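Colleague: Guided by the hints, dock chain C onto chain P, whose structure is given.
Sequence order for the protein chains is P and C. The opening position of the first sequence corresponds to residue 1 in the numbering used here, with each subsequent residue numbered one higher. The opening position of the second sequence corresponds to residue 1 in the numbering used here, with each subsequent residue numbered one higher.
Simulated from the structure, these hints should not be mistaken for lab results. Here the structure is a predicted model, which is why all the values come from computation and not from measurement. C-beta: ideal position from N, C-alpha, C; glycine also. Hints may contain errors.
What the hints assert, rightly or not - Which chain C residues face chain P? A few, computed with CB under 8 Å, are given here:
| id | residue |
| --- | --- |
| 1 | P6 |
| 2 | V266 |
| 3 | T294 |
Stated by the list, open to error - Away from chain C, derived, C-beta distances all over 10 Å, residues of chain P:
| id | residue |
| --- | --- |
| 4 | A24 |
| 5 | S29 |
| 6 | W31 |
| 7 | R32 |
| 8 | A38 |
| 9 | Q75 |
| 10 | W106 |
| 11 | L130 |
| 12 | T267 |
Residue strings, one per chain:
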Amino acid sequence: MMAMSHKYPDLSARNLGLAAAVVAIGGVSDWRLGLVFALWLAAWGLNIVLSGTGGSAKRFLVPTIFGITLLVLWQMSVRLFDVSSVILPAPSDIWMTILESVPVLWADFVQTVVKGALTGYVMGAALAVLAAIALDRSRFLQRGLLPVGNFIAALPIVGTAPILVMWFGFGWQSKAAVVVAMVFFPILVNTVAGLKDTEAMQRDLMRTYAASYWQSFFKLRLPAALPFIFNGLKVSTTLALIGAIVAEFFGSPIVGMGFRIKTSFGTLELAMVWAEIAVAAVAGSGFYGMVTLAEKRLTFWHPSQRANR
Amino acid sequence: MRNVLPVLTVVAAILGIWYLAVGPMNFRLALDAATRGGDTVTPASVAEQGQTGLIRLMLDNPDVIPAAYAFERPRLPQPQHVAVEIYQSTFGLIRRCEWQGWGADSDNWTGLSDGCLRVIENRRSLIFHAWKTLAPTLLGFAIGTGLGILLAVGIVYNRAMDLSVMPWAIASQTIPILAIAPMIIVVMNAMGIQGLLPKSLISSYLSFFPVVVGMVKGLRRPSQMELDLLHTWSASGPQELWKLRLPSSLPYLFASLKIGVAAALVGTIVAELPTGARFGLGARLLSGSYYGQTVQIWAALLVAAICAALLVGAIGAVQRRMLTRMGMAQ
Numbered sequence: 001m002m003a004m005s006h007k008y009p010d011l012s013a014r015n016l017g018l019a020a021a022v023v024a025i026g027g028v029s030d031w032r033l034g035l036v037f038a039l040w041l042a043a044w045g046l047n048i049v050l051s052g053t054g055g056s057a058k059r060f061l062v063p064t065i066f067g068i069t070l071l072v073l074w075q076m077s078v079r080l081f082d083v084s085s086v087i088l089p090a091p092s093d094i095w096m097t098i099l100e101s102v103p104v105l106w107a108d109f110v111q112t113v114v115k116g117a118l119t120g121y122v123m124g125a126a127l128a129v130l131a132a133i134a135l136d137r138s139r140f141l142q143r144g145l146l147p148v149g150n151f152i153a154a155l156p157i158v159g160t161a162p163i164l165v166m167w168f169g170f171g172w173q174s175k176a177a178v179v180v181a182m183v184f185f186p187i188l189v190n191t192v193a194g195l196k197d198t199e200a201m202q203r204d205l206m207r208t209y210a211a212s213y214w215q216s217f218f219k220l221r222l223p224a225a226l227p228f229i230f231n232g233l234k235v236s237t238t239l240a241l242i243g244a245i246v247a248e249f250f251g252s253p254i255v256g257m258g259f260r261i262k263t264s265f266g267t268l269e270l271a272m273v274w275a276e277i278a279v280a281a282v283a284g285s286g287f288y289g290m291v292t293l294a295e296k297r298l299t300f301w302h303p304s305q306r307a308n309r
Numbered sequence: 001m002r003n004v005l006p007v008l009t010v011v012a013a014i015l016g017i018w019y020l021a022v023g024p025m026n027f028r029l030a031l032d033a034a035t036r037g038g039d040t041v042t043p044a045s046v047a048e049q050g051q052t053g054l055i056r057l058m059l060d061n062p063d064v065i066p067a068a069y070a071f072e073r074p075r076l077p078q079p080q081h082v083a084v085e086i087y088q089s090t091f092g093l094i095r096r097c098e099w100q101g102w103g104a105d106s107d108n109w110t111g112l113s114d115g116c117l118r119v120i121e122n123r124r125s126l127i128f129h130a131w132k133t134l135a136p137t138l139l140g141f142a143i144g145t146g147l148g149i150l151l152a153v154g155i156v157y158n159r160a161m162d163l164s165v166m167p168w169a170i171a172s173q174t175i176p177i178l179a180i181a182p183m184i185i186v187v188m189n190a191m192g193i194q195g196l197l198p199k200s201l202i203s204s205y206l207s208f209f210p211v212v213v214g215m216v217k218g219l220r221r222p223s224q225m226e227l228d229l230l231h232t233w234s235a236s237g238p239q240e241l242w243k244l245r246l247p248s249s250l251p252y253l254f255a256s257l258k259i260g261v262a263a264a265l266v267g268t269i270v271a272e273l274p275t276g277a278r279f280g281l282g283a284r285l286l287s288g289s290y291y292g293q294t295v296q297i298w299a300a301l302l303v304a305a306i307c308a309a310l311l312v313g314a315i316g317a318v319q320r321r322m323l324t325r326m327g328m329a330q
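Okay, chain P solo, but in the shape it has when bound:
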């Protein structure tokens, strides 16, 4: 049983004593610090109890409590310690800003996410998959391209943003171009790797059916490559948003998330900056979620998806 106890710590007297001591030390030096510590440890204790006992709901409940605790602590610390809004605005201020400036945020979202990131993402992904299919027949080029592609995928491609803004102008086209450059190689490398991921037995079976290249491609190898392709697509969702936002730092029309972050920062409206960050976070998670959902629908047969059922 000793081996198990460190894995599932309970609210033993020793842990409670330690918590009380931390709160006391914080409280003696500054009562506000004590309050913050007390709240943190109380929420943490609640989570320990929940994760030890709770049923299936805890998978959802425990992270939610953790997230809410962080928000409450943030709010409390900002208010208690009188942190200037120029350094860190409180979550409530950020929420008010979001509510007040929905039209602005929506316009920025459309400009950066829909026009810049999504267009570039779709174009880059399509190009990468087509390039992988074109490369599929040449072992020689694949052997050369995989190391080079892996290398380029690790490069700071976002640094091409100033060049591409120079080429394609300040509009959303240049942002889409940056996104294409950023997502192309991760998806290409994954697709090429995925197209190789069939067993000799499966390919032989297709041969015994006298399947043509394209038949065996569409019925066997493309479906088998889908988990890899989706891996690349998922990695690229964040890259697409980053590319679209960072490219706006180098020049943009007077709308867009990167533009807003930059200018709001110049005028020290930090609540607006954080509002844009919140929108970016929600957009990024939603984008990722949508790709994951598509993956679940299309690769339901794959072991990694079956395990979740």
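Modeller: Okay, now just chain C, sitting in the frame of chain P:
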């Protein structure tokens, strides 16, 4: 080694496409200059040229094509010009370099004259700027990796931590945090934190999550049978961690370290962009973009690429050696 020829072919193809693209990319600029210079071109007026397709223009004015390649401030420089720029802003900076020998006569402690050290000390040197970017990257990478491993151990050994932190660690990967890196720098400056630390904070954040996610996977890799074996030997928790879990997580650690170090470098470069940093590869990119110095931008980009390759390559070399010695190499 069997990949050398294919890799060289692909690199040559990329360079070839680059070289071929220089003409069309700069053609309109060169044609514009030729028109203003009084040369006879078809169509004669700038307005008409604007409405004509690029291919038509190039076919009608083949004389201008060499000018497009030799254009002064090109939209796309030729690859060899970029190489020359890199050379000139590294080893080309050497002036009167000689060996002075150790001792009192030499200008500095290295025994080389000051002229040699211009390679790393001159403000125009790309090596100088690369170091200004690499230093915070390495510091941040070390911090991020250390914290990431600690958190991963906590997550594996503590159920409450696993349930609370892990979903957020995964969700945070979908947030484009890099996009706000410059702002974080300015806030830290406002709080009085300056120097290496603000930039390293960005790189540590970026290398932190790949390490956490990879290490949690790796630390959980030992099978129940292996864990039971250690249990029968009455191994303590730390012994189980040190002798079983950590060694078997190493392949995952190295895979995430490679992702993490690349992300850390990108983080530092982006963090330098709009904050008015004077030194660093990001600062070179930005000043090149302000003054239309495309060659300078490309040179900075290529040096950044070389840095990334060196970092990832170094980790790869350590990985190969270590895993071979531990008998885990693929």
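Colleague: A separate judgement is required for each hint: does it hold in the structure or not?
Modeller: For each hint, the structure was consulted:
1. A cut of 8 Å between beta carbons decides the hint on C:P6: the least distance to chain P is about 3 Å, and the hint holds.
2. Because the beta carbon of C:V266 sits about 4 Å from the nearest beta carbon in chain P, less than 8 Å, this interface hint is met.
3. Residue-level restraint check for C:T294 holds (minimum Cβ-Cβ distance to chain P is 7 Å; threshold 8 Å).
4. The claim that P:A24 is not at the interface with chain C holds, since no C-beta of that chain comes within 10 Å of its own (minimum 23 Å).
5. No beta-carbon of chain C comes within 10 Å of the beta-carbon of P:S29; the shortest separation is about 20 Å.
6. No Cβ of chain C comes within 10 Å of the Cβ of P:W31; the nearest lies about 23 Å off, and the non-interface call holds.
7. Residue placement check: P:R32 keeps its beta carbon more than 10 Å from all beta carbons of chain C (closest about 18 Å).
8. Every Cβ of chain C is farther than 10 Å from the Cβ of P:A38; the closest lies at roughly 18 Å, confirming the non-interface assignment.
9. The claim that P:Q75 lies off the interface holds: its Cβ sits roughly 18 Å from the closest Cβ of chain C, which is beyond the 10 Å cut-off.
10. Listed as outside the interface, P:W106 is consistent with that label: its C-beta sits roughly 18 Å from the nearest C-beta of chain C, beyond the 10 Å cut-off.
11. Distance check for P:L130 against chain C: the nearest CB is about 17 Å away, which clears 10 Å, and the non-interface claim stands.
12. No beta-carbon of chain C comes within 10 Å of the beta-carbon of P:T267; the shortest separation is about 13 Å.
Comparing the model with each earlier hint shows no violations; every hint is respected.
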